[in-house]
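Enquirer: Each chain, letter by letter, is given below.
Protein chains: 2
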Amino acid sequence: MPDQPAALISLQQHLHHTRLLGSISSALYYDQNTVMPPAGAAWRGDQLALLASQLHERQSSAAYADLLAAAEDAAGEAVGGDVPDALRRNLQLLRLELERQRCLDPALVQALARAQSRGNALWQEARRSNDFSAFAPGLSELVQLRRQQARQLAAAEPADRSPWEILAQPFEPDISKAQLNALFTPLKEVLPQLLDRVATASAGPEPAASARAAGSPAELPEALQEQLCSELLQSWGYDPSRCQRSRSAHPFSCTLGPADFRITTRVVPGQPFSAFLATAHEWGHSLYEQGLPWGDDHYFPWPLGEATSMGVHESQSLFWECRVARGRAFAERWYPRFRTGLEADPWGNASRFWRQLNPLQPGLIRVEADELSYGLHIVLRYELELALLEQEMPVAELPAAWNGRMQELLGIRPASDAEGCLQDIHWAEGLFGYFPSYALGHLISAQLAETLEADIGPIERHVDAGEEATLQGWLAGHVWPLGRSVNGAELVERVSGRPLSAEPFLGYLEHKLERLLAVG
Amino acid sequence: MPDQPAALISLQQHLHHTRLLGSISSALYYDQNTVMPPAGAAWRGDQLALLASQLHERQSSAAYADLLAAAEDAAGEAVGGDVPDALRRNLQLLRLELERQRCLDPALVQALARAQSRGNALWQEARRSNDFSAFAPGLSELVQLRRQQARQLAAAEPADRSPWEILAQPFEPDISKAQLNALFTPLKEVLPQLLDRVATASAGPEPAASARAAGSPAELPEALQEQLCSELLQSWGYDPSRCQRSRSAHPFSCTLGPADFRITTRVVPGQPFSAFLATAHEWGHSLYEQGLPWGDDHYFPWPLGEATSMGVHESQSLFWECRVARGRAFAERWYPRFRTGLEADPWGNASRFWRQLNPLQPGLIRVEADELSYGLHIVLRYELELALLEQEMPVAELPAAWNGRMQELLGIRPASDAEGCLQDIHWAEGLFGYFPSYALGHLISAQLAETLEADIGPIERHVDAGEEATLQGWLAGHVWPLGRSVNGAELVERVSGRPLSAEPFLGYLEHKLERLLAVG
Numbered sequence: 001m002p003d004q005p006a007a008l009i010s011l012q013q014h015l016h017h018t019r020l021l022g023s024i025s026s027a028l029y030y031d032q033n034t035v036m037p038p039a040g041a042a043w044r045g046d047q048l049a050l051l052a053s054q055l056h057e058r059q060s061s062a063a064y065a066d067l068l069a070a071a072e073d074a075a076g077e078a079v080g081g082d083v084p085d086a087l088r089r090n091l092q093l094l095r096l097e098l099e100r101q102r103c104l105d106p107a108l109v110q111a112l113a114r115a116q117s118r119g120n121a122l123w124q125e126a127r128r129s130n131d132f133s134a135f136a137p138g139l140s141e142l143v144q145l146r147r148q149q150a151r152q153l154a155a156a157e158p159a160d161r162s163p164w165e166i167l168a169q170p171f172e173p174d175i176s177k178a179q180l181n182a183l184f185t186p187l188k189e190v191l192p193q194l195l196d197r198v199a200t201a202s203a204g205p206e207p208a209a210s211a212r213a214a215g216s217p218a219e220l221p222e223a224l225q226e227q228l229c230s231e232l233l234q235s236w237g238y239d240p241s242r243c244q245r246s247r248s249a250h251p252f253s254c255t256l257g258p259a260d261f262r263i264t265t266r267v268v269p270g271q272p273f274s275a276f277l278a279t280a281h282e283w284g285h286s287l288y289e290q291g292l293p294w295g296d297d298h299y300f301p302w303p304l305g306e307a308t309s310m311g312v313h314e315s316q317s318l319f320w321e322c323r324v325a326r327g328r329a330f331a332e333r334w335y336p337r338f339r340t341g342l343e344a345d346p347w348g349n350a351s352r353f354w355r356q357l358n359p360l361q362p363g364l365i366r367v368e369a370d371e372l373s374y375g376l377h378i379v380l381r382y383e384l385e386l387a388l389l390e391q392e393m394p395v396a397e398l399p400a401a402w403n404g405r406m407q408e409l410l411g412i413r414p415a416s417d418a419e420g421c422l423q424d425i426h427w428a429e430g431l432f433g434y435f436p437s438y439a440l441g442h443l444i445s446a447q448l449a450e451t452l453e454a455d456i457g458p459i460e461r462h463v464d465a466g467e468e469a470t471l472q473g474w475l476a477g478h479v480w481p482l483g484r485s486v487n488g489a490e491l492v493e494r495v496s497g498r499p500l501s502a503e504p505f506l507g508y509l510e511h512k513l514e515r516l517l518a519v520g
Numbered sequence: 001m002p003d004q005p006a007a008l009i010s011l012q013q014h015l016h017h018t019r020l021l022g023s024i025s026s027a028l029y030y031d032q033n034t035v036m037p038p039a040g041a042a043w044r045g046d047q048l049a050l051l052a053s054q055l056h057e058r059q060s061s062a063a064y065a066d067l068l069a070a071a072e073d074a075a076g077e078a079v080g081g082d083v084p085d086a087l088r089r090n091l092q093l094l095r096l097e098l099e100r101q102r103c104l105d106p107a108l109v110q111a112l113a114r115a116q117s118r119g120n121a122l123w124q125e126a127r128r129s130n131d132f133s134a135f136a137p138g139l140s141e142l143v144q145l146r147r148q149q150a151r152q153l154a155a156a157e158p159a160d161r162s163p164w165e166i167l168a169q170p171f172e173p174d175i176s177k178a179q180l181n182a183l184f185t186p187l188k189e190v191l192p193q194l195l196d197r198v199a200t201a202s203a204g205p206e207p208a209a210s211a212r213a214a215g216s217p218a219e220l221p222e223a224l225q226e227q228l229c230s231e232l233l234q235s236w237g238y239d240p241s242r243c244q245r246s247r248s249a250h251p252f253s254c255t256l257g258p259a260d261f262r263i264t265t266r267v268v269p270g271q272p273f274s275a276f277l278a279t280a281h282e283w284g285h286s287l288y289e290q291g292l293p294w295g296d297d298h299y300f301p302w303p304l305g306e307a308t309s310m311g312v313h314e315s316q317s318l319f320w321e322c323r324v325a326r327g328r329a330f331a332e333r334w335y336p337r338f339r340t341g342l343e344a345d346p347w348g349n350a351s352r353f354w355r356q357l358n359p360l361q362p363g364l365i366r367v368e369a370d371e372l373s374y375g376l377h378i379v380l381r382y383e384l385e386l387a388l389l390e391q392e393m394p395v396a397e398l399p400a401a402w403n404g405r406m407q408e409l410l411g412i413r414p415a416s417d418a419e420g421c422l423q424d425i426h427w428a429e430g431l432f433g434y435f436p437s438y439a440l441g442h443l444i445s446a447q448l449a450e451t452l453e454a455d456i457g458p459i460e461r462h463v464d465a466g467e468e469a470t471l472q473g474w475l476a477g478h479v480w481p482l483g484r485s486v487n488g489a490e491l492v493e494r495v496s497g498r499p500l501s502a503e504p505f506l507g508y509l510e511h512k513l514e515r516l517l518a519v520g
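Just so you know, the protein sequences line up as chains S and Y, in that order. Residue numbers are given in this note's numbering: position 467 of the first sequence equals residue 467, and the series is strictly consecutive. Residue numbers are given in this note's numbering: position 142 of the second sequence equals residue 142, and the series is strictly consecutive.
I should point out that these hints are in silico values taken from the structure, not numbers from a laboratory. A quick note: this is a predicted structure, and the numbers were derived from the prediction, not measured. One or more of the hints may lead you astray.
Unchecked claim - Per label pair, the in silico range of CB-to-CB distance:
#1 Y:29 <-> S:63: 40 to 50 Å
#2 S:29 <-> Y:10: 28 to 38 Å
#3 Y:342 <-> S:222: 22 to 32 Å
#4 S:29 <-> Y:470: 37 to 47 Å
#5 S:298 <-> Y:62: 54 to 64 Å
#6 Y:29 <-> S:49: 42 to 52 Å
#7 Y:469 <-> S:425: 40 to 50 Å
#8 S:425 <-> Y:470: 42 to 52 Å
As the list claims (entries may be wrong) - One side of the interface only, derived from the structure: several residues of chain Y facing chain S at Cβ under 10 Å:
#9 37
#10 49
#11 68
#12 70
#13 74
#14 77
#15 242
#16 244
#17 258
#18 259
In this text, a Cβ means the ideal position worked out from N, Cα and C, and glycines have one as well.
So here's chain S without its partners, still in its complex pose (with noise of 0.2 Å):
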């Protein structure tokens, strides 16, 4: 933004500035789970509250404001009323952000962080015990003070915001309940018929159907995974001159600089895959955030350089992921390294590798779910969260809420509540709003997926000539530029002319499960 008037260059200024201490905190965060020892935890704990209490100051101050105000006005005046495009959303989405942060009384804003860390201890012991009454007065004091902020926030809000809707804007903007209604109502229908499907294709003969326990071997060598994971990223355009990956216990990506990209991953014993898919899951995420439009750095502070939803950024790792390494073709090309150097081929053929990387069964877990039930984990939980924010639930009711509705959704029932609705961190984080984003992933991934097959042909036909540059190249000239310049439902449908549906994910599935199925 050359020529710009003062008041411009400030506000960058003040943004460049917060934009370097919020990736301070993202370098002490990858830090702490790559290599800090653990006794370290405490005062890095420190270190972070120190810069959360200074980007806090800077996102929310008087100052801030003023420079704001004085940035509206000079864009304004400097262009006689016609502010162009890109800087008056960069403004908007600033102001908006602003009005939300000014909105919270700074008593409920400590309140909160001091029960989401209570709300954290409290479940990770709870979970250990499998004693959901020891974590149920944290949640229920999460529950209180998340409707509290979403009753202060409402004034930033538009009117018919519902208290679910205005704590999920974070997370996905401008989403609605009608929305996920429209789009999740189809997933009901349409995804326990399909694990029907399966169920009653592997009561017959042939035992191959049940997912990981048939074919794969309970361990592939770590130095050969690590290895597949090295030639994977390579052959995606990893570029180690602004990459690096390295070991954590939960792999994640994140972007600690316009040109400094991390990605982590980990081998897990008796799962074979793991590795090797999340490499390529987390990968997606990073080439979205590498293909945001930053460019020269001047985008980097501004936030139409940032990813513009969750549901947006998961569908970027779910293409990688379910759409290109889950897939036949590229199963039929890697199924050879991933022989290399054992003693037998666990496997047979290529057919029945592929059979392997595609688990179809429906489990307690959700984070090692396949991709016929996961939409339905989220449902679950979507439900369950407005039951709990907007249906005056009690909390002491979510346990058998959870178990009740997992057996008519998925057809199990957990054991424990440590294999039930104590097994994700988000709740016990006070994270409402945020689990929708993982299906919206899947459906927007399709979505894109079929737009991207009518412009340049099958994926699998790129994917067996090796030419998944191609397909970077599509998502790189057609999504990953756009960054906040629409929001995630527009985006899907400036890509694909039309609103995002149910539909491509569906048809997919039914298209994948009738070929999984072909092999047993």
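Here the structure of chain S is known, so what remains is to put chain Y in place on it, guided by the hints.
Expert: The following block gives chain Y in isolation, referenced to the frame of chain S:
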């Protein structure tokens, strides 16, 4: 410090916050040198500059000055004029540092930062192209600015301190040229004689004395070197819950929090002992840091919990590298491990293995120097710093002065400035006054070791019994807990009962040399 006056608590909070920022900076530095992809450097530079400016502000602001003054008043009042030693010393050290900060013209601080950055860039290029004249203007500017800095700082220093002495204070508190003269004169006399003795011995028919060339394998497998480093640390009390070892281009040790200690090593092609000895060295630094009086963290933000001087710090790393790891008993014990998995034994016996751990050949490069010639490299630099800063020697004369003095001291002459006066980074960043600490480390280490041996018997005997923990225990009892309660010279006198001298070091070298030459 329980039951403190409010002003002391406020001061401690301020220092805690300052220490958090400083340690965040260290965490970024650690990440930069171990993990960060190269393209992240520009943004990382911005992050570090932001933290540096926050730190400078916190350490020199009027608000901080008020806080310190209030604490000084409160300390005096609270105890009726009889301030406890520890508190008095803490306040004294803080006051001294504040007065130094406040002597400096902010314009000079900025000019120095720019000149350091420029100096580094010019030096990189000059060293690459072996062209001292490209570096000379940058060095000249740095000399002028540092002289100016010394003039400004003089207001906070005793009247008789010279410019060089003033600049050396941050590294070696209370150091004087008179002290250094007394310590370095014997080095200049004796070390060349010892080098002559080696030369005479190696001129004979026995080729083994020509250091690394003879007997040592060009390479030890990297995995073996890594394994040996891990075993070394494990046997020396490395606690993975508080410590972390990573790899970096140049080995270093740093502390990121009161329970978070990092060291780094590297495997150097063609130098089979480099990683192992560097691990011993860096772990020595880390042990000292771990043994500083932090206890329950109440000393961590206070000066008393800090290392007292670079010379003492270096004495601790050199103790473990030279006195222990390069010692004969240690070599006897580790010789079998170094042969693990090797097809042939490259050394033949433990004596020759030990001999190879102790090269004895003067070279041009300081960081590769042996124990005999290292001190002379420092004498050279110290004399040239005095010439530049206090004796008006023109920068242009540096190369000739360097080469001439190198010939006199070590009997060798650089063929190029790249392996002469351009070899170190210190001056390129305006770092004058630092080099002597390296030599002081050798002297202090020897004098402390002599006391230790008088107290609990020969180091070799403990090592022979695999009881290095006893050595650690002695240092932990006598040296580490002193923190900054004493300066480096006082520490040596306190522990050994007499002033620091070169005698123990030279005595140690003569004895070791005799034994080494007996091997061949």
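Enquirer: Does each hint hold? Answer for all of them.
Expert: Consistency of the hints with the structure:
1. Separation of residue 29 of chain Y from residue 63 of chain S is about 30 Å and departs from the stated range, judged on CB atoms against 40 to 50 Å.
2. Between residue 29 of chain S and residue 10 of chain Y the Cβ separation comes to about 30 Å, which falls inside the hinted range of 28 to 38 Å.
3. For residue 342 of chain Y paired with residue 222 of chain S, a C-beta distance near 25 Å keeps the hint of 22 to 32 Å intact.
4. Between residue 29 of chain S and residue 470 of chain Y the beta carbons are some 41 Å apart, a value that agrees with the proposed interval 37 to 47 Å.
5. With their beta carbons about 36 Å apart, residue 298 of chain S and residue 62 of chain Y fall outside the hinted range of 54 to 64 Å.
6. With their beta carbons about 21 Å apart, residue 29 of chain Y and residue 49 of chain S fall outside the hinted range of 42 to 52 Å.
7. The hinted range of 40 to 50 Å is satisfied by residue 469 of chain Y and residue 425 of chain S, whose Cβ atoms lie roughly 41 Å apart.
8. Checked against the hint of 42 to 52 Å, the pair residue 425 of chain S and residue 470 of chain Y passes, with Cβ atoms roughly 46 Å apart.
9. For residue 37 of chain Y, the interface hint holds, since its Cβ comes within 10 Å of a Cβ in chain S; the closest pair sits about 5 Å apart.
10. At a threshold of 10 Å, the smallest CB-CB gap from residue 49 of chain Y to chain S is about 9 Å, leaving the interface hint in force.
11. Checking residue 68 of chain Y against chain S by beta carbon gives a least distance of about 21 Å; that is not within 10 Å, so the hint is violated.
12. Among the interface hints, the one on residue 70 of chain Y is violated; its C-beta lies about 23 Å from the nearest C-beta in chain S, farther than the 10 Å criterion.
13. For the restraint placing residue 74 of chain Y at the interface with chain S, the shortest Cβ-Cβ distance is roughly 25 Å, beyond the 10 Å limit, so the hint is violated.
14. A hinted interface residue such as residue 77 of chain Y counts as satisfied when its beta carbon comes closer than 10 Å to some beta carbon of chain S; here the least separation is about 30 Å, so the hint is violated.
15. The interface hint given for residue 242 of chain Y is met, as the beta carbon of that residue sits about 4 Å from the closest beta carbon of chain S, less than 10 Å.
16. Interface restraint check: residue 244 of chain Y against chain S, minimum CB-CB distance 5 Å, threshold 10 Å, status holds.
17. Of the supplied interface hints, the one on residue 258 of chain Y holds, with its beta-carbon coming within about 6 Å of a beta-carbon of chain S, less than 10 Å.
18. The interface hint given for residue 259 of chain Y holds, since its Cβ lies 4 Å from the closest Cβ of chain S, which is under the 10 Å cut-off.
Checked against the numbered hints listed earlier, the structure breaks hints 1, 5, 6, 11, 12, 13, 14; every other hint is satisfied.
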